[in-house]
Amino acid sequence: MVTVLLPKIGPVMPEVILSVTGLEKSYDKVIAVAGLDFDIAKGECFGLLGPNGAGKSTTLAMLEGMEDPTRGTVQYYGGPLPSDYQTRVGIQFQATALQDFLTPFDNLKLFSSFYDDPIPMDHLIDQFRLQEFLHRDSRRLSGGQRQRLLLALALVHNPEIVFLDEPTTGLDPRSRRDLWDVVSALKADGRTLILTTHYMEEAEILCDELVILSHGKALLQGPPKQLIADAGVSDLDTLFLSLTGETLVKTQEVMK
Amino acid sequence: MISIMRSVRRMRAVFFARNLEYLRDRASFGWNLVFPVLIVFALAVVFSGPPRPLFTVTAVASDSLPELLEFPGIEIISADRSKALDRLSRQQTDLVVEVVEDSVRYWVNGNSASGAILELLLKYTESRSLERGETDGEAIRYVDWVVPGILGMNMMYSALWGVGYVVVRYRQAGYLRRLRATPLTKFEFLSAQVLSRLLVTLTASTIVFVGTNLILDYKMVGSLGLLFIIALVGGLAMITLGLAIACRTESKEFADGLLNAITFPMLLLSDVWFSLDGSPYWVQMIAQVLPLTHVLEAARAVMLDDAGVTDIAIHLAILVGFCTVGMGLSIKLFKW
Chain A
7 MVTVLLPKIG PVMPEVILSV TGLEKSYDKV IAVAGLDFDI AKGECFGLLG
57 PNGAGKSTTL AMLEGMEDPT RGTVQYYGGP LPSDYQTRVG IQFQATALQD
107 FLTPFDNLKL FSSFYDDPIP MDHLIDQFRL QEFLHRDSRR LSGGQRQRLL
157 LALALVHNPE IVFLDEPTTG LDPRSRRDLW DVVSALKADG RTLILTTHYM
207 EEAEILCDEL VILSHGKALL QGPPKQLIAD AGVSDLDTLF LSLTGETLVK
257 TQEVMK
Chain B
2 MISIMRSVRR MRAVFFARNL EYLRDRASFG WNLVFPVLIV FALAVVFSGP
52 PRPLFTVTAV ASDSLPELLE FPGIEIISAD RSKALDRLSR QQTDLVVEVV
102 EDSVRYWVNG NSASGAILEL LLKYTESRSL ERGETDGEAI RYVDWVVPGI
152 LGMNMMYSAL WGVGYVVVRY RQAGYLRRLR ATPLTKFEFL SAQVLSRLLV
202 TLTASTIVFV GTNLILDYKM VGSLGLLFII ALVGGLAMIT LGLAIACRTE
252 SKEFADGLLN AITFPMLLLS DVWFSLDGSP YWVQMIAQVL PLTHVLEAAR
302 AVMLDDAGVT DIAIHLAILV GFCTVGMGLS IKLFKW
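Going down the list, the sequences are from chains A and B.
When we follow the numbering used here, the leftmost residue of the first sequence carries the number 7, and every step to the right adds one.
When we follow the numbering used here, the leftmost residue of the second sequence carries the number 2, and every step to the right adds one.
Isolated chain A (complex conformation):
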């Protein structure tokens, strides 16, 4: 079990931190996101669930401020995204290379220097258990070690919102559970977490609220348990099957 020692960022308030209205994104003639509307409450773990190509990563990129919507808006506390938005959010990308030959220590030092008031490095090293591979070339880290490092880099400036794009894809079961512990601890700190996943179990365990996406559209939105109960099914995978005629498990198997 990982104990997260990040500084507390205040009490959890039931207010909307991000609000999405009529969100669309298209690339040439391909529509990646076809009109989404939802609110994300401060302090909750919000999940975007769907198979590959459902529009999860594109939606996430617009919420992160990394992509501009073709139509629609993303609002932060009811207003436009502020110019210093990047200092308020931490992002763990799905696939990120780091500079060759740099160690986790070098990377933490580099990313810490981008911010005025970063979390002390020792703190992050303890929290994400980086000590054992702190001075190893980052290219030689295992999948789980690499994800822990990337998460530490995303949190180096103590952000209010943390985006996690398929954080456990490609990890072995133990590393995946390790990361769930880290994410749960971040949630307990009152941080707002927004994650994409195609793992049903992950979504059920971690998310307070989720949107199920398919072909860029929202099929359902709500707390996982309530969605399952309302549909009268046993789990999210069965629910997804009943909505789309395909299972997420199959998608995962194809990926492997």
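Please note that a few of the clues may not be correct.
Said to hold, decoys possible - Once the Cα atoms are required to be at most 27 Å apart in a straight line, the calculated BS3-like pairs of lysine-lysine come out as:
#	chain 1	residue 1	chain 2	residue 2
1	B	Lys187	B	Lys333
2	B	Lys336	A	Lys115
3	B	Lys253	B	Lys187
4	B	Lys124	B	Lys84
5	A	Lys35	B	Lys336
6	A	Lys115	A	Lys231
7	A	Lys115	B	Lys187
8	B	Lys84	B	Lys220
9	A	Lys231	A	Lys193
As the list claims (entries may be wrong) - Non-contacting residues of chain B with respect to chain A, defined by C-beta distances greater than 12 Å in every case (computed):
#	residue
10	Val15
11	Leu24
12	Trp32
13	Glu71
14	Gly74
15	Glu99
16	Arg106
17	Leu122
18	Ser130
19	Ala182
20	Glu251
21	Ile263
22	Pro281
Said to hold, decoys possible - Chain A is nowhere near these chain B residues, computed Cβ spacing over 10 Å in every case:
#	residue
23	Thr183
24	Pro266
25	Val310
None of these hints come from the bench; they were simulated from the model.
Since this is a predicted model, take the numbers as computed values, not measurements.
Just so it is clear, CB atoms sit at the ideal spot from N, CA and C, and this is done for glycine as well.
Following the hints, position chain B against chain A.
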């Protein structure tokens, strides 16, 4: 003020990270030092034998050249008078001739035995009146002439690939996207890349310059400070050119092609290995739009002719122009 300090802090961090990456990549680091040294030594060995038994005469644009020049074994090069006399003073040519109306003007280098023989032959074979001129100056060895070329070539490869290729690799791997999610600005990132590569390029060039000179003792008669300024401005010009190429390119293969398309003409036309004095006018004009040409012309002027800053001002100005355009384009067009 605080914003400038923040900016400097972030640039410094990226600068040091890039330096670390380079220093720990021992293969690249070693190759950058070893490769030019190997070339210098190989050429020193190849060209260490006696001079070739061949006379070279430079003709200043004239119609009816002396009969002597039709003899086999004499190579004729055309050049304007000023260039021809420069070559003569370095003993890169043995005789300079210019026909003016009914008389033949010729110049020899007082220190050149070949020149003395050719002068004698000219007197015996030429029926028109002769007008003599003389220059002096020690002969330069090929290694004296080629060392600036090799240092410049090394700088070109290090600058263009070390920045252009690396930035495209960062982009393709998603690292630039990761940096974009931080407060780091384009200007800070690009400046750090430029400074880091400049440090590497200048350090490598200095080590190679000093190391090879200790052993080969090639000619260096000018100001070391001025030579350093040429390396600094020339290095910056190449680095910013590399950045401009990389500012939007997403494929390493395409970047590779673009970089080759730029380095090849410089390798062939910028006087790296051989002088293009005798080449067609249009070739020499193309060479003038290549930054390496100006680096090498300025460096050779300082190293071989003790040129001052005013003598090479035009080259420095052109290189500064390359830097300004390259950096401006990079900042304007750069995509994370």
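Hint check results:
Pair hint Lys187 of chain B plus Lys333 of chain B holds up; C-alpha atoms about 9 Å apart against a cutoff of 27 Å. Distance restraint check for Lys336 of chain B and Lys115 of chain A: the Cα-Cα separation of roughly 25 Å lies within the 27 Å cut-off, and the hinted pair is therefore satisfied. For a cut-off of 27 Å, the pair hint linking Lys253 of chain B to Lys187 of chain B stands: about 20 Å separates their Cα positions. For the suggested pair Lys124 of chain B and Lys84 of chain B, the alpha carbons sit about 24 Å apart, so the restraint of at most 27 Å is met.
A hinted pair counts as satisfied when its Cα atoms are at most 27 Å apart, and Lys35 of chain A with Lys336 of chain B qualifies at roughly 22 Å. Our distance criterion of 27 Å between C-alpha atoms is broken by Lys115 of chain A and Lys231 of chain A, whose separation comes to about 41 Å. A threshold of 27 Å between alpha carbons decides the hint, and for Lys115 of chain A with Lys187 of chain B the separation of about 20 Å falls inside it, so the pair holds. Straight-line distance between C-alpha atoms of Lys84 of chain B and Lys220 of chain B comes to about 20 Å, which keeps the hinted pair within the 27 Å bound.
Distance hint between Lys231 of chain A and Lys193 of chain A is fulfilled; the C-alpha atoms sit about 18 Å from each other, no more than 27 Å. Distance check for Val15 of chain B against chain A: the nearest CB is about 7 Å away, which does not clear 12 Å, and the non-interface claim fails. With 12 Å as the threshold on Cβ separation, the claim that Leu24 of chain B sits away from chain A is violated: the shortest Cβ distance comes to roughly 8 Å. Against the 12 Å criterion, Trp32 of chain B stays outside the reach of chain A, whose nearest CB is about 15 Å from its own CB.
The claim that Glu71 of chain B lies off the interface holds: its Cβ sits roughly 62 Å from the closest Cβ of chain A, which is beyond the 12 Å cut-off. Non-interface call for Gly74 of chain B relative to chain A: holds, since the shortest CB-CB distance, roughly 56 Å, exceeds 12 Å. With a closest Cβ-Cβ approach of about 59 Å to chain A, Glu99 of chain B is found to remain outside the 12 Å limit, as its non-interface label requires. Every C-beta of chain A lies more than 12 Å from that of Arg106 of chain B, the closest at about 62 Å, which supports listing it as non-interface.
Listed as a non-interface residue, Leu122 of chain B keeps its Cβ farther than 12 Å from every Cβ of chain A; the least gap is roughly 64 Å. Every C-beta of chain A lies more than 12 Å from that of Ser130 of chain B, the closest at about 72 Å, which supports listing it as non-interface. Consistency note on Ala182 of chain B: stated as away from chain A, yet its beta-carbon is not over 12 Å from all of that chain's, at 5 Å minimum. The beta carbon of Glu251 of chain B sits about 14 Å from the closest Cβ of chain A, which is more than 12 Å, so the claim that it is off the interface holds.
Against chain A, the non-interface label of Ile263 of chain B holds: every CB pair exceeds 12 Å, the least being about 24 Å. Listed as a non-interface residue, Pro281 of chain B keeps its Cβ farther than 12 Å from every Cβ of chain A; the least gap is roughly 45 Å. Once the 10 Å rule is applied to beta carbons, Thr183 of chain B is inconsistent with being away from chain A; the minimum gap is 4 Å. Here Pro266 of chain B stays apart from chain A, with its beta-carbon at least about 30 Å from theirs, past the 10 Å limit.
With a closest Cβ-Cβ approach of about 39 Å to chain A, Val310 of chain B is found to remain outside the 10 Å limit, as its non-interface label requires.
In this structure, the hints that do not hold are numbers 6, 10, 11, 19, 23, in rising order.
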